[in-house]
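Trainee: Got chain A sorted already, so can you dock chain B onto it with the hints?
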Amino acid sequence: MTRSIAVAGVALSTLMIAAAYASAFLGAPGPASWAPWMFVLGVPGAIVSVMVLGAARGRRGALGSLIAPMLLVGLALATGFGLALALPANESESTRLVLGLPLRAAIILYGIGLMPIVVLPVAYALTFETQTLNAADIERVRRLGAERGAGLPEATRHVAAHRGEAR
Amino acid sequence: MIGTGGIAALLQGTLPPLTQPLIVAVALAYFAVVVGISVWASRRTRTASDFFVAGHGIGLVALTVASVSTSVSGFAFIGGPGLIYSVGLGAMYLILPASVTNVLGAWVLAKRMRLLGEARGLITVPDAIGARYRSPLAQGLSGIAILVGIVGYMATNALAMGVVINAIFGVGIGWGIWIGMGITLAYSVAGGILAGIYVDVFQGTLMAAASVLVFFYVLSIGGGLDGISRTILAADPAFLGPWGKWTPMAALSLFFVFAIGSLGQPQGVHKYYMLKDPMQLKWYPLLKTLGLILVLLLYFGVGVGVKSLVVSGRLAPLAVPDDATPTFLLRFTPVILAALVFSGVAAATMSAVNSFMNIGAAVITHDIPVALGRPSRNELRWGRVSTGVIAISASLLAQFSGSMVAFLGIFGWGLFGSTLVPALAIGLNWEGATRAGAIASIASGLAMTLLFETLAFFKVYAFPTGVTVSGAALVVSLLVFFGVSWVTRHTAAAGIDPDVRVVMEV
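Just so you know, the protein sequences line up as chains A and B, in that order. If you count the first sequence from 1, position 162 lands on 161 in numbering that gives the first Met the number 0, and the numbers rise without skipping. If you count the second sequence from 1, position 483 lands on 482 in numbering that gives the first Met the number 0, and the numbers rise without skipping.
Take the hints with a grain of salt, since some may be wrong.
[As the list claims (entries may be wrong)] Now the in silico label distances, taken between C-beta atoms and shown as ranges:
no., chain 1, residue 1, chain 2, residue 2, range
1, B, 244, A, 96, 17 to 25 angstroms
2, A, 88, B, 173, 45 to 53 angstroms
3, B, 380, A, 133, 35 to 43 angstroms
4, A, 64, B, 46, 38 to 46 angstroms
5, B, 136, A, 3, 24 to 32 angstroms
6, B, 275, A, 57, 24 to 32 angstroms
7, B, 334, A, 85, 34 to 42 angstroms
8, B, 244, A, 93, 15 to 23 angstroms
9, A, 93, B, 275, 50 to 58 angstroms
10, A, 32, B, 46, 57 to 65 angstroms
11, B, 372, A, 57, 32 to 40 angstroms
12, A, 70, B, 244, 27 to 35 angstroms
No wet-lab data here; the hints were simulated from the structure. We put the beta carbon where it would ideally sit given N, CA and C, even for glycine.
One chain only, chain A, in its complex shape (with noise of 0.2 angstroms):
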């Protein structure tokens, strides 16, 4: 059921930008107004689904508590890009900074170039072993993968020992 959702989102999130894309074939000159719109929900939507697909887990598509992480950077990166593009752009001389840059840009630098760096791989350090890979997983690849080894033709068998496989 997740990777339905999943697989149904990234399908989604690229029917948006296709329409993005299809707009500046369409209107003259360039793409319509509301074409990065497009794309500041469905570029977000593209990575936090293909996410959700990669981390579903077991035949139910388990996500555990990896949801909520993932949710906070989708909604990070589309509220950051939707800032940057509906905030006026008034930078001059006399704008406040923030860590060292104008709002906007710092919006895009820290919140989207940074932020996610600080929850996504720290989330999949912490929920690796039960969400990712543990060692009984691992045993389970080896022994299917011993168990069709050993019904493999014996021409098969050959050029897997040459490229130097154990197994």
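Mentor: The following block gives chain B in isolation, referenced to the frame of chain A:
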């Protein structure tokens, strides 16, 4: 991550002469270390698995540093800062996706590919596609797509090597190509990917250290980030806008292509096979992302720093944007630091060449024969021969094809993204994907990229403003993949082997 565009910086042959004794000495020392590593690696390379995937035996730290090194290539130090100087913060959209791509790759591909390597001893990216769909045709077609992309990458990197080596040693670009390619070929043939990995570790470590040092020099000279921003805002506020001088759609389109497209870059994805212990994947995304941030500090720092120096009149406007890093280093940092960076750029292009050489050789000796039903019985020997053939072909192409070489280098990232992301990244995680969907998406990505990049190069037809071929091809191949898989969905369940199904489920 960002190998394609930046090579254009080096292709123009614009690096200022760097022939100073200390720079030459450091470069020679650098190459001596590379030779030493290759001799060591050659003694440990005995099988095709050693040659192509380092015998599945690389440790976490080595793999992480090597992966960072391969990801950034020479672009991070030359082309990237020049691009920022030229278009402002819009150029950051090439590297901003790094905040999500490493963990994205870890969730989507790392575990499944490493486990496929465990179960089946796979050694190439097309191997994984072939195993997933039980299809030699899909494997062969993805191999051909990789080979087409590699031709461009190899030739452009060979030319870039020539430009950098000429700038350091003053030997001429032609000799620079052959000297650089000769050294790279020697260590690639002798030590395979093992030599490449440890050269990358050496080079990546120095690049990270040099990048951090250069960044602090920039901040110190520019009066901190506040001072740099104030100086730029007074003269050119659009430079520090969120999209730089690009349109929002162009910048966001880049983010899309570089984020999702990262899942199809064989030079990065291939490395998942090499990790010794799959459980070490736990810290891989965090370490790689932190490493990338360090290496990319120079990209951002020099780009905005040089802009600030130019608008404040402390530096004359650059003749070409790609002079940003060489000019800053030669004018504002100690020569030893400049020497380290320039040697690092030379080594980075060699590292990129090594990586692509290895992947290309694997396609020729392994994937295409498998697709034709005639697997080679001595992949190690033929891998070494293919490596040599690819290297010589790329050098000839770089030296004699004129402007065509720049064209070949342009579309590598997009080609890999549009041909491999749907079939590999989505397909390894979705049981509903079908063999027909995979083949159709690879073929459509390949055809669309080649057709429209060629038409644009010859000025016959170009997409409207805001639409890139790489972005459009990725979108089309994804939609073709979903559409054809849906139409042929009755074949999906029967198309997956039991061990592959388990790998897809865990």
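Trainee: Are the hints correct? Go through all of them and say.
Mentor: Now for the hints, and whether the structure bears them out:
The given range of 17 to 25 angstroms is respected by residue 244/B and residue 96/A, whose C-beta atoms sit roughly 20 angstroms from each other. Distance hint for residue 88/A and residue 173/B: a CB-CB separation of about 48 angstroms, consistent with the stated range 45 to 53 angstroms. Roughly 39 angstroms separates the CB atoms of residue 380/B and residue 133/A, a value that falls within the hinted 35 to 43 angstroms. About 42 angstroms separates the C-beta atoms of residue 64/A and residue 46/B, a value consistent with the hinted range of 38 to 46 angstroms.
The hinted window of 24 to 32 angstroms between residue 136/B and residue 3/A holds, with their beta carbons roughly 27 angstroms apart. For the hinted restraint 24 to 32 angstroms between residue 275/B and residue 57/A, the CB-CB distance of approximately 26 angstroms keeps it satisfied. Judged by the Cβ atoms, the range 34 to 42 angstroms given for residue 334/B and residue 85/A is violated: they are separated by roughly 48 angstroms. Here the CB-CB span from residue 244/B to residue 93/A is close to 21 angstroms, well matched to the stated 15 to 23 angstroms.
The hint said 50 to 58 angstroms for the Cβ distance between residue 93/A and residue 275/B, and at roughly 56 angstroms that hint holds. Taken as a hint, the range 57 to 65 angstroms holds for the pair residue 32/A and residue 46/B, whose Cβ atoms sit roughly 59 angstroms apart. The hinted range of 32 to 40 angstroms is satisfied by residue 372/B and residue 57/A, whose Cβ atoms lie roughly 36 angstroms apart. Hint check: residue 70/A to residue 244/B, Cβ distance near 33 angstroms, so the stated range 27 to 35 angstroms holds.
Hint 7 from the earlier list is the only one contradicted by this structure; the remaining hints agree with it.
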